[in-house]
Structures are given as structure tokens and as C-alpha cells.
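**Student:** This is what each chain is made of:
Number of protein chains: 2
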Amino acid sequence: MDNFQYFNPTQVVFGKNTIESIGKNIKKDKITKVMLLAGSGSIKQNGVYDKVVKSLNSSQIEFVEYWGVRPNPTLVHAEEVKAFAKANNIDGILAVGGGSVIDEAKSISGGYYLDSIWDLFGAKVQPKAALPIYVILTLSATGTEMNSFAVLSNEDEKRKWSFGSPLVYPKISIIDPSVQATLPKRQTANGGVDSLSHLMENYFMSNLNNEIGLTLNEVTQRTVISQIDNLMENPNDYTARANFAWSSTIALNGMTSIGMLGGEWTSHAIEHALSILNPEVAHAEGLSVIFPAFINYVYDAKPEIFDRWAANVYGIQNGLEGTEVMKSKFKSWSSPTTLRELGFSKSDYPEIIKCIEEYGRTGRIKQLSEESFIKILDLAY
Amino acid sequence: MDNFQYFNPTQVVFGKNTIESIGKNIKKDKITKVMLLAGSGSIKQNGVYDKVVKSLNSSQIEFVEYWGVRPNPTLVHAEEVKAFAKANNIDGILAVGGGSVIDEAKSISGGYYLDSIWDLFGAKVQPKAALPIYVILTLSATGTEMNSFAVLSNEDEKRKWSFGSPLVYPKISIIDPSVQATLPKRQTANGGVDSLSHLMENYFMSNLNNEIGLTLNEVTQRTVISQIDNLMENPNDYTARANFAWSSTIALNGMTSIGMLGGEWTSHAIEHALSILNPEVAHAEGLSVIFPAFINYVYDAKPEIFDRWAANVYGIQNGLEGTEVMKSKFKSWSSPTTLRELGFSKSDYPEIIKCIEEYGRTGRIKQLSEESFIKILDLAY
Chain A
1 MDNFQYFNPT QVVFGKNTIE SIGKNIKKDK ITKVMLLAGS GSIKQNGVYD
51 KVVKSLNSSQ IEFVEYWGVR PNPTLVHAEE VKAFAKANNI DGILAVGGGS
101 VIDEAKSISG GYYLDSIWDL FGAKVQPKAA LPIYVILTLS ATGTEMNSFA
151 VLSNEDEKRK WSFGSPLVYP KISIIDPSVQ ATLPKRQTAN GGVDSLSHLM
201 ENYFMSNLNN EIGLTLNEVT QRTVISQIDN LMENPNDYTA RANFAWSSTI
251 ALNGMTSIGM LGGEWTSHAI EHALSILNPE VAHAEGLSVI FPAFINYVYD
301 AKPEIFDRWA ANVYGIQNGL EGTEVMKSKF KSWSSPTTLR ELGFSKSDYP
351 EIIKCIEEYG RTGRIKQLSE ESFIKILDLA Y
Chain B
1 MDNFQYFNPT QVVFGKNTIE SIGKNIKKDK ITKVMLLAGS GSIKQNGVYD
51 KVVKSLNSSQ IEFVEYWGVR PNPTLVHAEE VKAFAKANNI DGILAVGGGS
101 VIDEAKSISG GYYLDSIWDL FGAKVQPKAA LPIYVILTLS ATGTEMNSFA
151 VLSNEDEKRK WSFGSPLVYP KISIIDPSVQ ATLPKRQTAN GGVDSLSHLM
201 ENYFMSNLNN EIGLTLNEVT QRTVISQIDN LMENPNDYTA RANFAWSSTI
251 ALNGMTSIGM LGGEWTSHAI EHALSILNPE VAHAEGLSVI FPAFINYVYD
301 AKPEIFDRWA ANVYGIQNGL EGTEVMKSKF KSWSSPTTLR ELGFSKSDYP
351 EIIKCIEEYG RTGRIKQLSE ESFIKILDLA Y
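Protein chains in written order, with our numbering: chain A, 1 to 381; chain B, 1 to 381.
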């Protein structure tokens, strides 16, 4: 079993009727004024916004609002919000939404005292201070509600990169799975694929002597699959929402990746290239296309781990066959499984590969060359 | 799935050659002088003490030492240590040892600014400040290295009680499983029983709709069992030590008890009575005797959860039969399974029951009367 460190100070408040506690929870930290950051307005339809405002008011937390965070959040928008936040003298950020809103909040928080938010990315600068972040999660998928990472798109440079700092762990994340009952099926399926991808990026890097790490990860994958299956049938199933929501959080909060050497993350690197080149591609849709192809390509470098995974997650003895079962599962959730479905053609390969190589940090299970990426893209085509 | 909160800010540094980092880790927090708290001296035999001293010296952390924490640590000793600590003007406590040393450190820390440490116990007083605690774990069993609870024995009052406060989460816990290779088999087995008991106290309180919580807990129980089996064969098996060590930590750090309503804890209450009345009884030995009897007695109040447990942990369909398999497992580790082995006779029942009733907080799965306790003790006799 390989050495590891575990640290995660985010406090989670999980379950029905928990959003109502946000005001009190912020007040405990002696915060008096926050910026509420949100997306396109779905939180006004599902009642979350009203609950948040009521709770902030009753705890006498002053707040200003900034809207318009979009999927695949951008540096340009984050800088606009940062300027607004500075002009309004806030003490903290309250992110109300899914992964995009939270990641943009983390970027603003970590970059608040820097000249440029982008300095955080590509590990150029480590922040020395940050604004405290509070979260109301409305879409379980990315796991960002309980970790120290964020992804942002720099559209000018065509780079979708990430940064991490212990300063941007949310202080408190409130997860009320019942507010996710009204999500479109597509977003639920995307949450499932995204969570499975996080689990797999870590799992495949593990050595086989990590019994506790592997089994925790396997049962989380199994729970994601069974609960997304349930939600495809019945989006109002609270039990399935709740079981999936926690599985999604622990898929990327460190609990299911102990002793896994920091994970593989090549599929994520390839996906980031796809969604920076075509921002209409949802992160999970890119992963749904790339991950099976990636496994097929690297299988022979580490067949034992892929075989164990297939057996314990999908009940089939061979890793390559397991990948086919996973692909069928993704299809049954109406997730795309080919690059063509995402609007790419083979003539896009050079630009995709340029983005992957700039991102770096790929090929830990098996060294990957330009030719390797062409083969993976072909397998995904 | 029931609502829950999760919060655990302890940083864990896990694996081989990690003790060497203690000085740097303490220095990061701007601590300049600690009290090293330890037990009877085994850390001088296994090399841990020398590594700690070297690391503290090379990071220029000043330290004083206090020895003599015993199994089932006592209030009298804790007060002595507190007086010594105050006289020496320390900024933090470095607990080097197993659960007893860490629990005594937490008691001193939480009670540092109170008139009496015992005020913490029985939930009389919540501390408003505490000394920071650092941990080098040398025996995996109680899980105290990554939680906010401590147990202490007040021998004058014949009370073995617990307290909890978020202020006593260790700042950092270093877990190097290789230092446990020299433990006597009895202590290894006790660690296994103790960890399983923590998992079960939580598991049995869960509702069945908590798929992710139950499966995480089940695989942790399975890993404890398989790794203790391995260690009974080969105490030097690092893979088994490491897998067991992390399983033991997460058995009581919140990760395996989400949605479990705070757990049951009756077996612990009964055990605390046994070991305050006979301090020669190791905590895990009391649990090894009581837990099977407890399950047998309360089975009919919640058969579905016990049946699921038996199926998924021991591969047998019925909870009562599962209990028999567990008992055989404990016996195979040379753990006691009868009250008589612990030196009790039926004439001790009244005193045992008095202690249990003073402790309170029992009987969540099934209401328990004096007669119930007699029946449980009879089943364990």
C-alpha cells in the first residue's frame, strides 16, 4: 500500500431542509457580507434562491448578487466578478449552483489578492490568502463542493486548466439532494459519468495491495451506477438522489483515492481539450466518449487492475469486456460514446493534441506520445 | 437516507518513514514547545521515540516529556500531566502512542483551561479553547487519531465516560503502520475487534435506504477481518498492517457512519462498565464478549439490518448465524467471548448494571430495561 496524505476540512451539511441553515452557518464565522454567485437562474425556479435569501436575511448577513456563470466557466467572467466583489467589499463568497459556479467562486477566491486570476493556473503562483467560500450545491457531479481544486477556461489562450490550494476548500457545503429532483435527465446522467470518471482516474493508478482503497472506490462506483439507473427511471426518487449525491462528493474528496498516487487524469486532459475547442461539449460528455477508449488503449500496461475493476464493478472478469459493459451503460443513460456525436472530425486531431500537450501531466499508467493520442482518439471516434 | 453532517479537519500523514516529518509539521503551525506524552516505554524499544526526538530537534521544537499513561487512562494521571504541562508553558501536546495516550492528551487539551478535566465528561461543559494536539499513532484500534472524542476513567467515581469537542481533533496524525509490526498478537487482535465494534455500532442504527453508507461500512468490516487474519499468520506483513491501519482509522472518523443517526453504542456502554470495574479488561476484550450477545438480544427489533450485515460481511444469510460466525472469528484471534474469561461472575451483575445506567444513552435499536441487561449479560456469560 502506497503512502498518502489525507486532509479535508470542509464541513458538509447533508439532507433535506438543510439550505435553511446557511445564514447561521455563515454567521458562525463572523462573516457579515457575502457575494452570492450563481448561474443562469435555475435556482429561482427550484426555490433554492428564495430559501437562501430568507436564511441570509434572518441571520442579518448582508449580500450582493452576481449572476451568469456558465457551464465551462471562463476567466473573463471570473475577472468581471472579482472586480465587482472588490468594489462591494465582501468578506466571503456564497456559491449557489453546480460545479461551474463553485469552480468560478474558487478561482475568484484564490485570485482575489493576485493581479490576475490566471496566475493560479498552470501552478505558476500559490495563493497566500483567499476569501472564504460557502456552497449550496444544486447539481452533484464534479465533487468540487468538497475539495480544493477548480477548473477554468481561458478562451483567448484556448486553455482549460485547473489549480488547487488548501485555501479554497469550501468552509461549509450544504447538499440538499431534494433540489436536484427537477434536473433534466441529461444533467443527471452527466453527473453519473463525471463521478465515475473521478473514481476511475484514481482507481487505475492504484497498486493491487491497496485493498481498503480499492474496495471503497469500487462500492462507490457501484452505487453511482445503481443510483443513476434508478434516477433514469424515476427522477423524484429521493433515496437515489441522496445516495448518488454523497457518492459523487466522495468520488473526488480524497476518501476514495487513498494510496492511489494522485491518480492518472489523462482522460480529463483529453476532455479539457475537447471542451475548450467546443464549449458546447459538457465535461461529462467528453469523458463518456474518451474514458472507454483510454482504457482500451492502456489496458495492456496494467491488465490486473483493469480486470479487478471489471470484476468488482461490473461483474465481468476481463477489463476490456468491462469497458464494453460500461459503454453500454453510458449509452443507456443517453450519454455520447463517439467523438462524432460531439461534432469533431479527424481534421480536429492536431488541435486537440496540441491542447493536450500544453496541459501536460498525462500518461502515468503508460507513456503516451502524439501517436498514442491519435490512437485513443481513433478508438473514440 | 437520513440527514447527516460531516466534518473532520485532522490532517493524516500515512505510510512508511513519515514519523520523520513530525518536527516540520508542528513547526508549520508556529508551535515552539510541546509536551511529549507517552505510555510505558514501548516507543523506546521500537525506535519511534528516537525518530521523534531527532525530528523535533532538527526543527528546533523545544519539548518536555511525561510518561506513564496506562491502558484505560485515568483522570488522576491526566490531572497530574495537566499540572506539569502548565508549569512548563507548552503550546501543544504531542501524543506518541495508542488510543490511551491520545485520549489522555485530548482530555488534558480540552480541560486545559477548566478547573477540572472531569467537567468535560458527561457533557457538563463544552470547552471554549484547547491546546493543539499532534499524534504519532503506534497502535491502530480506537480511531481516536482522527476524531474529536476521548474516553477517560474516573476511578473514584467508578465511571468510564467520554467527551467530544471539535477543538480536540488532532491537527496532524502520523500513522506509520510499519511500527506496529512488533506488537503482540493480542494487541493486534484487540485492534481488530475494537475497529469492527465501531463499524457495527454505527451500521446497525442505519436505515436500509443508505446504500452508500452501508456499503462503505461493509467493505471496511471485510477489510478489517481479512487483514487481521493475515496479521495473525504474519505480523510482519506491511500490506496487511497498512490496510488494517487505515480501516481502523475510518471505522470511527465519520467516513463509514454517514446517515447512521449517531450510532447505537450500547455494547460500548456495557464494556465501559466492565473495564471500570476490572481495569485489567482491555476495551476490545470486553467488546468481544458483549457484542455478539447484544446482537442476539436485539436482533428481532431490526432483523433486516442484521441479515444484510451477515450477508455482506460474513457471506451468510441470517443475522443470528452471522453473529456465530463473528464469534468464531474472534475466538480464532484468541479474543475472549465469555464474561467468565474476563473474571466476572453473576454476582457482579448489579454493579455492572449500575455503571451502565449511570452512563446512559443505551438502547436505541431496542429499548433496554434492567432485565434486558441481565439477559444480555447472561447471553455473554
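Please keep in mind that the hints were generated in silico from the structure rather than gathered at the bench.
Treat the hints loosely; a few may be bogus.
Copies of the same chain look alike in the list, so a pair counts if it fits in one copy or across any two.
[Claimed, not checked] Derived DSS-like pairs: lysine-lysine, alpha-carbon spacing no greater than 30 Å straight-line:
| no. | residue 1 | residue 2 |
| --- | --- | --- |
| 1 | Lys158 | Lys302 |
| 2 | Lys30 | Lys327 |
| 3 | Lys346 | Lys124 |
| 4 | Lys329 | Lys33 |
| 5 | Lys44 | Lys124 |
| 6 | Lys28 | Lys171 |
| 7 | Lys185 | Lys329 |
| 8 | Lys28 | Lys124 |
| 9 | Lys86 | Lys327 |
All values derive from a computational prediction rather than experimental measurement.
**Student:** Against the earlier hints, flag every one the structure doesn't satisfy and list their numbers going up.
**Tutor:** Those not satisfied are hints 1, 2, 3, 4, 5 and 9.
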